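Engineer: Here is what each chain is made of, one letter per residue.
Number of protein chains: 2
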Amino acid sequence: MSDFGKGADNAGGSSEENIKHWDDFYNEVPAPANYAEIISGVRKFIGDAKLEERVVVVTSGGTMVPLEQLTVRFVDNFSSGSRGAASTEYFLEEGYKVVFLNRQKSIQPYARHISSVLDVLELDGGANVTVKSCHASKIQTVLERYEKYKTSCFAITYESLGDYLWFLKGVSTELNSIGARGMLYLAAAVSDFYIPKNDMPEHKIQSDRRPEITFSLVPKMLRPLVKDWAPEAYIISFKLETDPNILLQKAEKALKLYQHNMVIANMLTTRKKTVTAVERTGEVMKIDNDDEDKEIESLIVNLVKEKHSKYIQENLTKSPLP
Amino acid sequence: MSDFGKGADNAGGSSEENIKHWDDFYNEVPAPANYAEIISGVRKFIGDAKLEERVVVVTSGGTMVPLEQLTVRFVDNFSSGSRGAASTEYFLEEGYKVVFLNRQKSIQPYARHISSVLDVLELDGGANVTVKSCHASKIQTVLERYEKYKTSCFAITYESLGDYLWFLKGVSTELNSIGARGMLYLAAAVSDFYIPKNDMPEHKIQSDRRPEITFSLVPKMLRPLVKDWAPEAYIISFKLETDPNILLQKAEKALKLYQHNMVIANMLTTRKKTVTAVERTGEVMKIDNDDEDKEIESLIVNLVKEKHSKYIQENLTKSPLP
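Line by line, the protein sequences are chains R and D.
My numbering applies: residue 13 is where the first sequence begins, and numbers increase by one.
My numbering applies: residue 13 is where the second sequence begins, and numbers increase by one.
What the hints contain is simulated information worked out from the structure, not anything from laboratory work.
The model shown is predicted, which means the values in this text are computed figures rather than measured ones.
Be a bit skeptical, because a hint or two may be false.
You can't tell identical chains apart in this list, so a pair holds if it fits in one copy or across any two.
[What the hints assert, rightly or not] Simulated crosslink set (DSS-like; lysine-lysine; CA at most 27 Å straight-line): (1) 317 / 239; (2) 322 / 262; (3) 317 / 209; (4) 322 / 62; (5) 117 / 162; (6) 265 / 162; (7) 265 / 62; (8) 262 / 330.
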C-alpha cells in the first residue's frame, strides 16, 4: 500500500509533509519513455526565444487514470481540449511562443477548424484529388495561419496523469529560466484522484461482482510549481465546478493556498459564455462573451496578456535585465 | 438506491431475474434524444437491403460511464475503435451493408488512413490549396473506396454506456427483420460497471478526501439480444482479457451461457497479431497474422463471412424463403 495522498487534507498539510507527497509520487510513477528527449527539445525551444519574447505553457485536455496495471479501464476527466487549443492560437497571434502540453487526440490548434479530411476533399471527375470549392477559402486561411505559426509552437502529448505530471514538472522548470517572461496557463483537466500502482490489480477487473474502488488523492502540484519549479513565472490555474455556490470561494481559497497569480473560474455548463478571472491581488474580473462570432478564449488571452505585461514590468523594476 | 445489478452473479442468475435487470436498466436510463429518428433511419436502411444482401451491425469503441450527474469525471474502456473501423471496411468490400454503431471520436473507416488534414494539404505558392504530391495517390485510393461504399454504411455515434445500450437494443430489433442474413459483430468495449443515477452525486466530487466508489454491474445484454431482440441473427461477441490463462475458458463459458454463435477472444497485448474464434459448435479457430502489410481484421472478416454463409444456408433449409 502506498503511504501518501491518503490524508484528509493533503492540500493544506504542512510544507514538509507535502514535499514528501510529491517526491513519493515521482518516485513511484515512472517518467515517460521520451521524457529526456522532450525536455531537451523544450530547453532548446525556450532558449531560442528572443530577449523580448514571451513563452506560455498551455496545458490542455483531460488526464487518464488507469484502474488496472494492464490497463483496460481508466477514469478520465471530461475535456475535449477545446479551451487549450483555441487559447494556443490566440497566444500565437499575440506573439507568444507556446509549449502546448496536450492530451493525445484532444482538439488541436488550427486543425480544429476543419471537420474531416473526407468531407473537404473530392475526386474531380478524373483521378485528381482536390479541395471542394465550398471549403477552399476557409482552409486557405487556416493553412496560412498554421504555416505562419507552426515553428512558434512546441507540442507535447501525454495520455496518463503520470506522464502529464512528469512533463509539467520538467517543462515548468525549463520555463523558469526566462523569469517573468514565462507564463503557465493550466487549462488541462487534471484528475484529483488516482490509484497507486501497489493498490492496482494487475489484470482486468472481473465482472462477477461489484467492484469497490478506493482512490488516493493526487498531491497538489500547484504548490511545488509555484515554490520550486517556476517561481518566477506568471501562473494561471483553472477551476471548473458544477455548483455555482462554491466556485468563487474555491478560486480564492486556491490563490491563498498556492500563492500563484490568477485563477480562471468557470462552470461546466456556461464555460463558453462566461468565466471569472480572480487575481491574487483580490481583483475579480468577469468576462462575458455575447458575440456569437467570437470565441471567449480571445477575450481571456487579451486579459491575461495585459496582466502578464504588468507582471513583467514589476519584475523588471525589481531586478532589471543585466 | 437502485435494486439491480447488485447480485454476485447477475450473469448466471435465473431468466426472470435477468429480465427484471434489463427492464430496470431501460426504465432508469433515458433514451438518447435522437433515438426515434435514428431507429427509423436504421429501419429504412435495413428495409432497403436487397433480398440477397446481408447486413452486419458493427459496434466499435469504448463506452463512457459517468461518475457524477453533471459529469466532469467518468470511467472509460480502453478502445480506439481500430478493430471496428477496419472490420467495417472489409465487410463493405465483401458486399455487406454495415450499421456502424461507434463511439464519438473513435477511429473512422477510410478516414483512419489519412493522418491530419494539415499534414496532407499545402498552399501552392499562390493562394491555392492543394494536396501534397507525396500523399495524392494514397488519398485518391481512400477517397475512391469511401465514395463507392458510403451509401452502404449507416453510422450511429454514442458516447455513454446508456446511449450505447439503447441503440444496441433498437438496432438489433430492426436487424431481426431480415432473419439469418443479419449479423451482429460486437467489437465495442462495453463497461461491465456503472453507477445508477440515484447512487451518483449531483455535483463534481470534491477532492478534500479520498473517494470510495462502488459500482453496480451492468446487466448482461447478450442474453436478451440472443433471446428476444435478434434471435435470428448470427451473433459474434468479443472477449478481451489480459490474463491468458482465463481467456478461452471465459469464451466457452459465454457461449454456453448466452447461446450466441461465436466469441472472438483476444489478449490486450497481442490483439493485432492473433485472435481465437470459438464457435458454439465447439470449433476453435486460431487466426494469426504474420503479414505486416495485412490487417488481421481482413482475416477475421473472411472467417466470419464464411461461417455466416453456412448459417444462412442452414436456416434457409430449415425455413425456405417464401
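Engineer: Okay, which hints does this one fail, numbers in order?
Structural biologist: 3, 6, 7 and 8
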